[in-house]
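So the sequence lines, in the order shown, correspond to chains A and B. For the first sequence, my numbering assigns the number 1 to the initial residue and increments by one for each residue that follows. For the second sequence, my numbering assigns the number 1 to the initial residue and increments by one for each residue that follows.
Calculated from the structure, these hints are not laboratory results. Just so you know, even glycine gets a beta-carbon here, dropped at the ideal spot from N, CA and C. A couple of the hints might just be wrong.
With a straight-line Cα cutoff of 30 angstroms, these simulated DSBU-like cross-link-like pairs (lysine-lysine) come out [what the hints assert, rightly or not]: (1) B/K128 - A/K157; (2) A/K53 - B/K122; (3) A/K323 - B/K161; (4) B/K161 - A/K383; (5) A/K221 - A/K266; (6) B/K539 - A/K24; (7) B/K128 - A/K383; (8) B/K122 - A/K189; (9) A/K85 - B/K409.
Which residues of chain A face chain B? A few of them, derived with a C-beta cut under 8 angstroms, are [said to hold, decoys possible]: (10) K53; (11) L55; (12) T408.
The chain contents come next:
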Amino acid sequence: MIEPILGTQKSLLKRLNKPLASVKLAVFIIIAIAAITAVGTFVEAKYDAYAAKKLVYDTWFMYTIMALLVINLTAVMIDRWPWKKRHAAFVSAHIGIIILLAGAFLTMNYGLDGTMRVGIGESNNLVQTPETDLVVYTSFDGDRYSKTLEQEVDFFKNPPTEKKPFIIPSYEGEIRVVDYQKYVLPSRKVVPAEGGKAGAGLRFQLQNANVNVIEWLVQRKPQALATHNFGPAQIHLGAAPEKSRGQNEIFLTPEKDGLRYIVFQKDTDKPLKKGFVKEGDVFDPGFKMSLNFRVLRYLPAALEDWDLQPAERPTPLTTSAIKIIFDGKEHWVLLNDMVKLFTNNAVYLLTYGNRRTDIGFNLKLKNFSVTRYQGTMRAMAYKSIVEVPGLGDQEISMNEPLKYKGLTIYQASFQEENGQPVASIFSVNHDPGRFLKYLGSLIMSLGIVLLMWFKHLDFKLARKSQTNGK
Amino acid sequence: MKKFLLLAVSVLFSVSALAKSGDALKYLPVQDGGRIKPYDSFAREMLEIVYGKTKYEGREATEIVLTWILSPQAWHDKKIFEVRNHQVLEALKLPKDQRWFSGEELFGNEKFTLLRQELQAKREAQEKLNPYFQALQRLENQFVVFQEVAAGRMLKVMPPKEGEAWIAVADLEGPAQEKFMEMTKAFINNIGAMAQGQNTEATAAELDKAVAAFEDVARANNPALYDHDTKVKAEVHYNSFHPFRWAYVFYFLAFITLLLVWTLSKESLMKAAWVFLVAGFALHSYGFGLRMYIMERPPVSNMYETVVWVAWGTVLFAAILEIIYKFRLILVAGTLVAAFGLVIADFAPAVLDPSLQPLEPVLRSNYWLTIHVMTITISYAAFFLAFGLGDIGLIYYLRGEEKHHDKIKAIVTGIYRAMQIGVAFLAPGIILGGVWADYSWGRFWGWDPKETWALIALLGYLAVLHARYAGMLKHFGMVVTAVITFSLVIMAWYGVNFVLGAGLHSYGFGAGGVEYVSAFVVAHLLFVVYVGVIRAGRKSPSVKA
Numbered sequence: 001m002i003e004p005i006l007g008t009q010k011s012l013l014k015r016l017n018k019p020l021a022s023v024k025l026a027v028f029i030i031i032a033i034a035a036i037t038a039v040g041t042f043v044e045a046k047y048d049a050y051a052a053k054k055l056v057y058d059t060w061f062m063y064t065i066m067a068l069l070v071i072n073l074t075a076v077m078i079d080r081w082p083w084k085k086r087h088a089a090f091v092s093a094h095i096g097i098i099i100l101l102a103g104a105f106l107t108m109n110y111g112l113d114g115t116m117r118v119g120i121g122e123s124n125n126l127v128q129t130p131e132t133d134l135v136v137y138t139s140f141d142g143d144r145y146s147k148t149l150e151q152e153v154d155f156f157k158n159p160p161t162e163k164k165p166f167i168i169p170s171y172e173g174e175i176r177v178v179d180y181q182k183y184v185l186p187s188r189k190v191v192p193a194e195g196g197k198a199g200a201g202l203r204f205q206l207q208n209a210n211v212n213v214i215e216w217l218v219q220r221k222p223q224a225l226a227t228h229n230f231g232p233a234q235i236h237l238g239a240a241p242e243k244s245r246g247q248n249e250i251f252l253t254p255e256k257d258g259l260r261y262i263v264f265q266k267d268t269d270k271p272l273k274k275g276f277v278k279e280g281d282v283f284d285p286g287f288k289m290s291l292n293f294r295v296l297r298y299l300p301a302a303l304e305d306w307d308l309q310p311a312e313r314p315t316p317l318t319t320s321a322i323k324i325i326f327d328g329k330e331h332w333v334l335l336n337d338m339v340k341l342f343t344n345n346a347v348y349l350l351t352y353g354n355r356r357t358d359i360g361f362n363l364k365l366k367n368f369s370v371t372r373y374q375g376t377m378r379a380m381a382y383k384s385i386v387e388v389p390g391l392g393d394q395e396i397s398m399n400e401p402l403k404y405k406g407l408t409i410y411q412a413s414f415q416e417e418n419g420q421p422v423a424s425i426f427s428v429n430h431d432p433g434r435f436l437k438y439l440g441s442l443i444m445s446l447g448i449v450l451l452m453w454f455k456h457l458d459f460k461l462a463r464k465s466q467t468n469g470k
Numbered sequence: 001m002k003k004f005l006l007l008a009v010s011v012l013f014s015v016s017a018l019a020k021s022g023d024a025l026k027y028l029p030v031q032d033g034g035r036i037k038p039y040d041s042f043a044r045e046m047l048e049i050v051y052g053k054t055k056y057e058g059r060e061a062t063e064i065v066l067t068w069i070l071s072p073q074a075w076h077d078k079k080i081f082e083v084r085n086h087q088v089l090e091a092l093k094l095p096k097d098q099r100w101f102s103g104e105e106l107f108g109n110e111k112f113t114l115l116r117q118e119l120q121a122k123r124e125a126q127e128k129l130n131p132y133f134q135a136l137q138r139l140e141n142q143f144v145v146f147q148e149v150a151a152g153r154m155l156k157v158m159p160p161k162e163g164e165a166w167i168a169v170a171d172l173e174g175p176a177q178e179k180f181m182e183m184t185k186a187f188i189n190n191i192g193a194m195a196q197g198q199n200t201e202a203t204a205a206e207l208d209k210a211v212a213a214f215e216d217v218a219r220a221n222n223p224a225l226y227d228h229d230t231k232v233k234a235e236v237h238y239n240s241f242h243p244f245r246w247a248y249v250f251y252f253l254a255f256i257t258l259l260l261v262w263t264l265s266k267e268s269l270m271k272a273a274w275v276f277l278v279a280g281f282a283l284h285s286y287g288f289g290l291r292m293y294i295m296e297r298p299p300v301s302n303m304y305e306t307v308v309w310v311a312w313g314t315v316l317f318a319a320i321l322e323i324i325y326k327f328r329l330i331l332v333a334g335t336l337v338a339a340f341g342l343v344i345a346d347f348a349p350a351v352l353d354p355s356l357q358p359l360e361p362v363l364r365s366n367y368w369l370t371i372h373v374m375t376i377t378i379s380y381a382a383f384f385l386a387f388g389l390g391d392i393g394l395i396y397y398l399r400g401e402e403k404h405h406d407k408i409k410a411i412v413t414g415i416y417r418a419m420q421i422g423v424a425f426l427a428p429g430i431i432l433g434g435v436w437a438d439y440s441w442g443r444f445w446g447w448d449p450k451e452t453w454a455l456i457a458l459l460g461y462l463a464v465l466h467a468r469y470a471g472m473l474k475h476f477g478m479v480v481t482a483v484i485t486f487s488l489v490i491m492a493w494y495g496v497n498f499v500l501g502a503g504l505h506s507y508g509f510g511a512g513g514v515e516y517v518s519a520f521v522v523a524h525l526l527f528v529v530y531v532g533v534i535r536a537g538r539k540s541p542s543v544k545a
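Chain A with its partners taken away, still in its complex shape:
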C-alpha cells in the first residue's frame, strides 16, 4: 500500500497515535467493559438496580474505560486517515459509537429521569429522582419555618460513621449523622418523651365480636389533633369541640394522669357519653353496635420513633435510614421521612429523602382504568386520563406517552388496594441526548451492516501489510 507523503508533523502525530489506535488495546477495552458490566448484573441480582448503579455502572473505573474506548476509537480513525471508500463501514460504526456515547453523556448530566405518583382525583407537580438530599428547616416560634440547609448527600457510597460523622451546623450545636443503614425493615414504635415540646401518645384497642383494632395515636405537638379513621367512627386525640360536628366521633383529651373522653353521634348535637379514663380502663362509647374501647397505654408526652431491623438485601419492604445525634440524643430517620429536634430556643425539622423536582405544572389524574384479560385479574392494559393546564384532558397509556414542555410522561405502573387501582405511577423524563443517541445508533448500525461486505477486503490488506511489516 502506498501511503501519501505527509508532513513531518503529521507523521509524528501518527506515530504518537499508533499505540492508542492499537486493535489489541481495543480487544482489551471490549473485554474489560464486558467483564465490568457482567459484575454489575450480578450485583443487581443480589441487591438491586440502585446498588448496581452505585457500585458498578456509576463509578470512576466505568468512566475511565469508557473514556479509553472513545480515545481508542478516535485514534484508530486518525490512524487510518486519509479514509478510503473501503473504510466507510468501520468509520461509520466507530463514529456511531462515539455519537451514541456523547448522547448518553448528555442524558446523564443534563437529563431528568424520575417517577411521579398521582392518586386518582389528586394532582402532583413533583418528580422524584434517585438523588438524596438532606434539608433542614429552622423555626424559632414553632410555627414559621425557614430552610437553613439543603445539601445533596450520597450516603450509599460514602456512609457516615461514628468516627467520621457527617456534620450539619445549626444555631445551637450541631446535628451529626453517625450511621447509615442501606437496608432496614422499619416498624413504628412510640417512646416516652420529656414534657413541654412533645404531644401525648395513646395506644388503644377497639373490640367486639367482629372488630379488633389496635392502634397508636400520637400528637405531633401539644394541642395538635391526631386522628384515626375507623370506618364507622373517628377517634381523635386532642381537644374536643363544644358541639357535635354531625359525625360519629370519640374525642380523648390528654390530661396529666388520664384522658377525658367525649363521644358524639351523627344524628344528635348532644354528647352521647362523657367520662375519664386511665391506662388499662375500658368503656363502651355507646354507639348502636356495642364496642369496647380499651386504653392500652397512655403517655402524656410521647415521640414516634422507628424500630429498625437490618436486612441483608433489599426487598420491596425495606428502606434506608440514617442515625443522627443531636443534643446527646439519638434518632433514626428513614428515607423520605423527617424528624423534629427541639431545643429551648428553636425547633429544627430535618428531612432526608429523594430529590423532588418541580416540573412547572400540575398533573391532575382525573381517571384511571385497567382492562384485564377475560375472566382473570391479569392486567391487559391500563390508561390514565390526566388534566394538564393549557392542554386540557390527555390520555396516557402504556407505550403512548404524553409530550409536553420538553418532558415525556410515560405510564409506568399503578398501585392497587383491595383489587382497585388507587394511584397511577408515571415515569417523567427529559432527555437532551435522545437525538444524538438515535443518530449514533443509526450510523453505527449502518456501519456494522456495511462491515459485512467490506471486512473481507480490509482483512486481506491488513494481513498483507502485517507480513510486509515482519
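Once you have looked at the hints, place chain B on chain A.
Chain B only, in chain A's frame:
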C-alpha cells in the same frame, strides 16, 4: 418439490383435522388464563401442572381431567402430584427416590399446612423466592389447581349473558346444567366401554352428540362470546399434530443424510438431504404460523418460543451459507443444532413452557418489541451455528490438524461468517431494544440485566472479531472462541432469566434446568481444554525439533 411439500402438509392438516368420533369434547371452548381455548388445551395444561406430563398412564389429559371433576374421591390415593425438589420432600418426610405422590400423602400431611404458612410469610416479606420456595409454590399451586378443577370452579364452559367472566361448571344452572350432566354421562359410558375393550363407535357418537347439545345451550346464552370455532379447531390440531416434533424428525433425517454425504462422499444423496431439510423447515414454519394465528401475535414472548425461533433461524442461515459456500459442514452443524434446540424445547416443558399464554401489558401491541426480540434472538441463531461449527472443528483438531487442514479452513470461514451475521443482527437488535425501552419507559438504556447481557454477548463476539483482525486469533483460536463465546449467549438468553432472575424483563422468568444447562456449558469448556491440551502435546515435540 415445493408443490409436493405443500400438498403433503395440507394432506397432513386435513387428516388430523378430520376429528375422530369421541373427539368433540376436545373442541369444547373453555375460558382459562385470560383467553378462550379448547378443552383439549385446558386439560393438557392442568395435567401438566399437577402431574408434569400431558398424559397419565397412556390416557389422554381430556379424559383424566374430566374424571377429576366427576369423581375426585377416586383420585385420592392415586399418585398424580409430581414433586421433584428434595428439600421439599425432606420437609414433608417423604421418600426422595419417588417422584409422584398421592394427594393424601402430600396434603393430608400436617407438615403441608406448616410449609404453606412458611411460604406465605416469605411472600409477605416480599423476598425473592429461592428454588426451595419456588418448589413449595409449585406444590401449593398443584394443590389449588387440583382442588379447583375437582370442585368444578376452574373449568369455565359457558359465556355469561353480561360481562366477560365465563360460568364455571359448578355454577351452571337450568338447561345448561342438565346438558352438561348428560354430557358427563355420555363421557362415562364411553370410557366405560373403552375400559372393557368394547366397540366404542356408538358411545363415542353419543358423546359427540351430547357435547354438541351442550355447546348449543352455551352458545344460546351469548352467541357473540361463543365465536371461536376456527381458532379452537386450529389449536386442537396444533396440540395433536406437534409440528415442531415433526420438524426435528426431518432435521435429524437431513443431518443423518448429510453425514452420509460427507463421510461416504455420496453426492447423489445431497438432494435427499435438501428435501428433508426443506420439509422440516416447512413444518417448522407451519407450526410457527399456527401459533401466530391462534394467539394473534408473533411468537417470541417466552423462552420456549425463542428456542423454537432460534432453531428456525439457524436452519435458515445455514441454508443460505450453504448455498453461497457449498461447504456441507455448515448444513451439518445447522441441522444438528436446530434439531437439538427443538428436542430440548419438546422435552423440557417444566422449564420451557409450551402453553399459549397472553401477554403482559408492556408487551402488547408493540411493534418495537417484536422487532427487537426477533432481531436479537435471530442473532443467537447465527452464534448457535458458529457454536455447532466450532464443535465439529474441535473434533477435526482431535483427529489431526494437518490431515484435515482444508476442512478446518472451511469451518473457520463458516464460523467467521456466522459470527459476522450474528453481530450484524445483535448490534442493531440491542439498539432496537433501546428504542423500545425509550418508547415504552423513556429510558434508552437502563442497565437492565437482560439488555446488559445481550450487550456482553455482543462485546464478546466483537472482541473475537477484533482479535482475529489483529492477528491474535488463528484458526484454532476461532474454533475455540466460537464454542466458548456461546456461553455468553446462553447466559444472555437463558441465564439471566433462570440464574439472575432480576430486572424489567421479569415477564419471561421461570425456574429450573440450571443444573443441566451449567453441565452443558462446563462440558463444552472441558472439551475445549481437552482438545487444547492434546493439540499442545502434539505440537511441542515438533517445536523442540
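| Given the proposed pairing of B/K122 with A/K189, does the C-alpha separation stay at or below 30 angstroms? | 23 angstroms, holds
| task | Would you check the hint for B/K539 and A/K24, treating anything up to 30 angstroms between C-alpha atoms as holding? | result | At roughly 26 angstroms apart (the allowed maximum being 30 angstroms), A/K24 and B/K539 satisfy the hint.
| said: Tell me if the straight-line CA distance from A/K323 to B/K161 falls inside 30 angstroms. | reply: 61 angstroms, violated
| message | With the threshold set at 30 angstroms, check whether the alpha-carbon distance from B/K161 to A/K383 stays at or below it. | response | OK: B/K161 and A/K383 at ~27 angstroms, within 30 angstroms.
| B/K128 paired with A/K383 [C-alpha distance capped at 30 angstroms] | With a Cα-Cα distance of about 29 angstroms, the restraint between B/K128 and A/K383 holds, given a limit of 30 angstroms.
| query | Given A/K53 was flagged as interface, is its beta-carbon under 8 angstroms from a beta-carbon of chain B? | reply | Since the shortest Cβ distance to chain B is 7 angstroms, the answer is holds.
| message | A/K85 and B/K409 were given as a pair; does the straight-line alpha-carbon distance stay at or below 30 angstroms? | response | 29 angstroms, holds
| message | Checking one constraint from the list: CA of A/K221 to CA of A/K266, max 30 angstroms. Satisfied? | response | Status holds; Cα separation ~28 angstroms.
| Given hint A/K157 paired with B/K128 - CA-CA distance at most 30 angstroms | Distance of about 25 angstroms is within 30 angstroms: holds.
| query | Taking the closest Cβ pair, is A/L55 under 8 angstroms from chain B? | reply | Nearest chain B Cβ about 12 angstroms off; hint violated.
| message | Does A/T408 hold up as a contact with chain B if the rule is Cβ-Cβ below 8 angstroms? | response | At 5 angstroms from the nearest chain B Cβ, A/T408 passes the 8 angstroms test, so the hint holds.
| query | For the pair supplied as a hint, A/K53 and B/K122, is the alpha-carbon distance within the 30 angstroms limit? | reply | With a Cα-Cα distance of about 27 angstroms, the restraint between A/K53 and B/K122 holds, given a limit of 30 angstroms.
Hints 3 and 11 from the earlier list are contradicted by this structure; the remaining hints agree with it.
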